Amino acid sequence: MFDQLFDGALVDSVMRAMIPILLAALGGMICDRAGVFQISLEGMMLAGAFAAVAGSYLAAASGLGVLFAVVAGAAVSLVLAFGAVSRKGDPIVLGIAVNLLMLGMTGFLLPQIFGVRGVFAHPRIDGLDRFAIPGLSDIPLLGPALFDNTIIAYLSLPLTAALWVFLFRTPMGLRLRGVGERPQAAESLGVSPTVYKYWAVVSSGVLAGLAGAQLALGNVVQFAENMSSGRGWIAVVAVMLGRAHPVGVLGASLLFAFSEGLGFRLQGNGLPVQITDALPFAVTLIALIAARKRFARLLDLTTAG
Amino acid sequence: ADGEEDEGIDLIYVTPGPIGINPFLALGEVGTERAAERLGGTSKTFESNLDTASQRSNIEAAIDEAPDVIVLTTFTLLEMADEFSKANPDQKFILIDACPDDPAPNLHCGVFREHEGAYLLGIMAGRLSETGQIGSVVALDIPFFKRWWQSFELGAASVNASVENSVVFIGGENAFADPARAKELALSLSAQGPDHIFAVGAGSNGGVFEAAGEADFLAYGVDINECPTAPGRVVDNNLKLVDALVDQLVEKVINGEAGPVESFGLAEGGTGVMALHPDLASSECVIADHPDIIAEVEAAAEGIIDGSIVVPDPLFG
Amino acid sequence: MAAPALELRGITKRFPGVVANDAVDLTVRAGDIHAVVGENGAGKTTLMSILYGLFPPDEGEILVGGERVRFGSALDAIRAGMGMVHQAFRLFPTLSVADNVVYRAEPTRGVLMDRAAALRSVAELAERYELAVDPEALVETQPVGVLQRVEILKALYRDARILILDEPTAVLTPQERDRLFTVIRRLRDSGRTILFITHKLGEVMAVSDRVTVLRNGRSVAGLVTAETSPEEITRHMTGRSVDLNRRAAPHRPGDPVLAVAGLEVTGEHGRTAVDDAAFTVRSGEILGVAGVAGNGQTELIEAIAGLREAAAGSVTLGGADITRAEVADRRRAGLAFVPEDRHRVGTSHLASVSDNLLLGHHRHPDRQRRGWFKLRNVRAHARRLIETFGIKAGALNNPVSTLSGGNLQKVVVAREMSHEAPLLIAEQPTRGLDIAAIEYIHGRLVSFRDEGGAVLLVSAELSEILALSTRILVMFEGRIAAELDPAAVTEPDIGLYMTGAYLEREKGGAPGGRKGGQDG
Amino acid sequence: MDRTDRLDRLAQGVRQIWANPAVFPFVFAFSVGLAVVLLTGGNPFFAYQEMFVGAVTGSGLRNTLDQAVPIIGMALAVSAAFRAGVINLGGEGQMVLGGLAGALVAIYMPGPGALVVPLAMAAGMVTGMLWAMLPALGQTRLRLPILITSLLLNYVARSITGYLVRFPFLDDSVTLTSTEKIPEAARIPKMPLFGGVSLSLVLVLLLGGLAWLVYKRTVVGYETQMAGLNGSFARYGGIGVERQTVGVMAVAGAVGGLIGTHLIIGSAYRFIDGELVVSGLAWTGLLVSLLAANRPGFILAAGLLFAGLQIGGQSMQRNAGVSWRLAQVLQAVVIVAVASRLALGRRRRKGRRSAEAEIEPAHVGEV
Ligand SMILES: Nc1ncnc2c1ncn2[C@@H]1O[C@H](COP(=O)(O)OP(=O)(O)OP(=O)(O)O)[C@@H](O)[C@H]1O
Ligand SMILES: Nc1ncnc2c1ncn2[C@@H]1O[C@H](COP(=O)(O)OP(=O)(O)OP(=O)(O)O)[C@@H](O)[C@H]1O
Ligand SMILES: [Mg+2]
Ligand SMILES: [Mg+2]
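Chains as they are written, first to last, in the numbering used here: chain A, 1 to 305; chain B, 306 to 622; chain C, 623 to 1142; chain D, 1143 to 1509.
No lab work stands behind these hints: they were computed from the structure.
Keep in mind that the hints are not guaranteed to be accurate.
Claimed, not checked - So, partial list: chain A residues that the calculated Cβ filter (under 7 Å) puts toward chain C:
id : residue
1  : L167
2  : R169
3  : T170
4  : P171
5  : E181
6  : R182
7  : P183
8  : Q184
9  : S188
10 : G190
11 : A287
12 : I289
Everything numeric in this text was worked out from a predicted model, so none of it was measured.
From the three backbone atoms N, C-alpha and C, an ideal C-beta is built for every residue, glycine too.
Based on the provided sequences and hints, a complete structural model is requested.
Take a look at the structure:
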């Protein structure tokens, strides 16, 4: 039974499920560190997916699609940055609204631009190529997943490490953490919390945009309405479960992706879909309970008063 | 419009959801338009958005316009078709794909015997499978789709008694348009052995075909010829000639010849497979390379038409 | 003579509804310790914030060393040689002391931070100015005195030539204060210029060379310290003279109202914040609790008020054991409480004045019946409090955040006193208030006592403790270090207990009281 | 007074209205919509006209009112939690489980409608309530933020209902995964109003009135609001904030369950797996509550408005060929504009001394 469940294809599937969540969650982590509660990852990811497909279709080149996705994610993030940072609006309200806005906007633009509703698939849409790294990609089990993948997937793991270095070993990282912890203190030393928060939010837009590109040009090559289908929310949970630490965020994304992949497998083994569908969410809930001691800070962020 | 003494006829086609998520819905629109054109009238399409409020408001808007026929599609609109046809006895309705127990006289149903086509696909899979395992990736775990995956299994078993079948459901937020999930499911299914996988996921099918390219399996499509979207990876399709059916049924209803339920299967040319289609050569379907199996499928189709082979309807016993 | 180190000309800053600074002129000579005094809301902090580039003035100009400067941000001010120690510390609790000091001026190696260099330079700097800190310690674990040193180090690390200290002594013991003054003088002697803000005239007289008085946003006097007196400064500040030395008349206490026995409370990070505390408060007395901030006073009060769990021991109020009771039950049993933080705990900024005056006795039968408010009574109650306590408020429905600091505190005091509870806990009831407001609140506390109320007063202001208390407890490291008789001690005596200096010595030598936490 | 002067004054008056902070977000949203439609080659004026006409004329009016029932209901449900500072994103799960429970009672409970309907409602309320109390207890006992757990539990609720409908309670005579039909007698009746608006409209209006009374006039309303505005202040004043968290979640869940029940026994007449989720009503209700800053009167108005946008959006799509998604965009932009305190001209964000009574931007937990 176990060798039926665990094999290279499962690793591959887990990796594919993890990349978009991880990228978005890393963005959420940066915002969290800068003191901005970021729950519009879902909307920005969706915008990224749409723009990726649009760009790739227009130019018949996946590179342009990725560029579009990044720009779209960043542009959407400015809504939250402006509202929450410049106007001191409630980031939760703004985040929920941005998610709805992007669901509506992509759904609106799809027929308006491409003349279809629901799903847009077209041979002109250039998907992200998978590059196999000779030698490494032949490693059994892990090889194909880790070393025969898209450029965005290759980027994501080193990015996690790079963000760790950035946050904990560079001056900018120190300043960012300071801004998130005590904006007045940062300001009194000449660090503008506004500027840092803007950059943090825009980075999360870029990362969520990339996540969308991976989803729409890597995992599959098409756009479907609401295709982020909750992954952005899962990324929010991953930030929390991972305590806004790169390693923790990676672990949380992996946990979710693994339980999702496992859910697909278990369905193949005869478990009803109604149960396997709930598996990743139930596992996440259990992980939250297990790690509950650590959420005081988030609780303060998310409860008024 | 407004049902005055205008020349031609008016038709309104109401969908239960966005047309793009399901080629089936697009065919309904084609059929309605074709009928209008042939009979010298006009047609409109009211596209709903999957929730009951929009479906209801679209049907009511259609009734307000009092066209000659309102064409509704899919089992999703079953309840409303029943309710509105009874509430508006002077308005003629067509409902495709489902039928209430006691339809009103002004409601005419057109249903397909999809299980017949699926059975034929099963024969192909049973013959072609090298692992002896086949599978289906199905949008939702609802009884309706048993016509596809159960009959697929039955067909395969008819040529290879030891064949094993598995089924997985896409589910999630957006089952009919979540190619990413469909792809993951197909990949994980294929990793467990099946090398012939039936994609019954409408807008999600693209994901299964992509998976077919990555893992080595062959896929089967639904409703239309999906082979060109993934040449070399799709064996054949369970065709549903919705356009033809709508076109015919509209004419019958206008002429007062339609019965309460019109059923369309292989015999009526309402369902089929590309293997038996005149355009097979240009279809880009894998089955075109297997004339021996095509012959076997043809024989089975004849048996179904003349009644010597009975493909049970998984829905009604 | 050389140009003044700093010159402000006609600085004006308006906030909606207030002119915080009104054409303020201020000249500071190089190498001076220059005090700035004024009542609450006089505009001191605003002026300093402008000087430090935190926000731009609406009008006026700033000259540093004779040169006109314009500060777009604190960074510009830092580059011009300004350094500021804020009234409320501006430190990052979860970062190390070194990280706090080098923040925004980090030593680097390539793109990475050079942490070794940071630790080294902070240690060196600390040694040079005798500001003992542990560069690697996390700020949140450090006591207040150290935090202030870190703040000063931050400015020195940036080589500030002009150092602004906004109410730096408010949280210090007299001993720590004296050490601070030594540091300030040393800094002056090293050629720096110091701007020093305080409400305490004794400090002005002790340390400054010159003094500028602000009143209602204007600079009303520039004086040479050696040529003036506290009385003259006060006259400039308030436009009248006040008695600075009133002491409470001796009074005869009655029955015990609050009895605390063997109380142990766990604070942040699981450390024991209050250890084996025992005392009683009687009706008709004010029991003062003195101590350096962070020695368990807050936790003690929170445990009595029900905002923090007691780990051991008992709290009895009017004969009823309330050790584990909920806040509402404690209030019903007769507890009123003026909390330390009037902005975050004592009031709700977004709620109306009326709603703020209601909390805690909104279930009083006069104000509601079966859960439905008697709206007329609720409003009448609010109006009565506003009138009795002379609160300057607009409409009852205005948010309470529209009130000034003094009036906000009056809202809290009015609400809590109107409970007619036998016990009133007053924690830092006059912190940051101006003299008039302080006088008013002191008067209220005394009359409450005279009417037979029991008061538990916690204050960092020793003059306040001495002026009001019938008895004094001193807390040090979570223990009650001494019980003192206010008539027999002086501020420096209390200060010695507050720093634990007398703990080492056995009983004997301590003036004015007994060691330990026995009841009085 | 000469003509230009008067024109000036008129222009000024108009400006005063549309630059008003309560009006401007709508002006802004419709301008954004206008630009988007123009840029994608549509006719925005025709589209808006069709939207308006479709929402308030003919069967549109009844559909708008019918759609407003669950939107207002879910908004009232969430407002109970939000104004106490409890961020309940679990409305969907509470609604779906409540809906199924209500449906099951309506289907299997014998007896006259006058008995079965209230019992079904009660079953829906109790189920929604219990489900909502899970994340509440998670927050008070385990310190897990309700924001996250209530959201995750939505997915679990979907699976639970999906399982129950697919296996034990499946009606295998239909082609959908669905329960049996609700018997005629156990349905919530329609009123003879605009051609049959559900009686539940009266119910939500009463609920709105009750909420208004409770929020404005009662001790509980005061205590919950104080907790929402400043939890430390409330705790200090003797309000049992933790118990209250559980209480407001219970109320929010009960109302959510009630609305779920209405959607089944008052509208769809079958519990079809996934249908309530697809409707997105819980989220629309949440947005309405945010827009209305949790105030019942505004919730009724905003709920009607959003229902009208949705129904009108369908008509716009039918007749003007502009996707109904525009309605969703408009809803979201209004919220963004309000939350960002967008305004024209003078600087809106006053310092802490501002006493002016203006429409407060939407804040979770702040009224
Ligand atoms: N950001 C602000 N927005 C609005 N008003 C402000 C702001 N900052 C200060 N004020 C007001 O300006 C006036 C001057 O305040 P400031 O803080 O400078 O006084 P201060 O002299 O430092 O008082 P304190 O002794 O209480 O510290 C006060 O009325 C204050 O309420
Ligand atoms: N967060 C806030 N929101 C609204 N008003 C505030 C806020 N913080 C302070 N104020 C107002 O600004 C004025 C000055 O603030 P400040 O923090 O200097 O208070 P304070 O009374 O001087 O207390 P302290 O000196 O003890 O810190 C006060 O009068 C207060 O009413
Ligand atoms: Mg000040
Ligand atoms: Mg002050």
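task: Report holds or violated for the interface hint on A/P183, using the least CB-CB distance to chain C and a cut-off of 7 Å.
output: This interface hint is violated because 10 Å lies over the 7 Å limit.
query: For the hint on A/S188, does the least C-beta distance to chain C fall short of 7 Å?
result: holds (5 Å)
task: Against chain C, run the beta carbon of A/G190 and see if the smallest gap drops under 7 Å.
output: Since chain C brings a Cβ to about 3 Å from A/G190, closer than 7 Å, the hint holds.
Supplied contact hint for A/R169, tested at 7 Å Cβ to chain C: OK, holds: A/R169 within 7 Å of chain C, min 5 Å.
- prompt: Does the CB of A/T170 sit less than 7 Å away from some CB of chain C?
  reply: This hint holds: A/T170 lies near chain C, its Cβ roughly 6 Å from the closest one there, short of 7 Å.
- prompt: Given A/Q184 as an interface hint, is the shortest Cβ-Cβ distance to chain C below 7 Å?
  reply: holds (5 Å)
field: Closest C-beta approach of A/E181 to chain C relative to 7 Å, hint status
entry: At about 5 Å, which falls below the 7 Å cut-off, the nearest Cβ of chain C leaves the hint on A/E181 intact, so it holds.
field: Per-residue hint verdict: A/L167, partner chain C, C-beta under 7 Å
entry: violated (11 Å)
message: Does A/P171 hold up as a contact with chain C if the rule is Cβ-Cβ below 7 Å?
response: With a closest approach of 4 Å, the A/P171 hint holds.
- prompt: Would the stated hint for A/I289 survive a check requiring a Cβ distance to chain C of less than 7 Å?
  reply: violated (22 Å)
- prompt: Taking the least C-beta to C-beta distance, is A/A287 closer than 7 Å to chain C?
  reply: violated (24 Å)
- prompt: Holds or violated: A/R182 as interface residue toward chain C, Cβ cutoff 7 Å?
  reply: Holds, about 5 Å.
The structure fails hints 1, 7, 11 and 12 (numbered hints given earlier, in ascending order).
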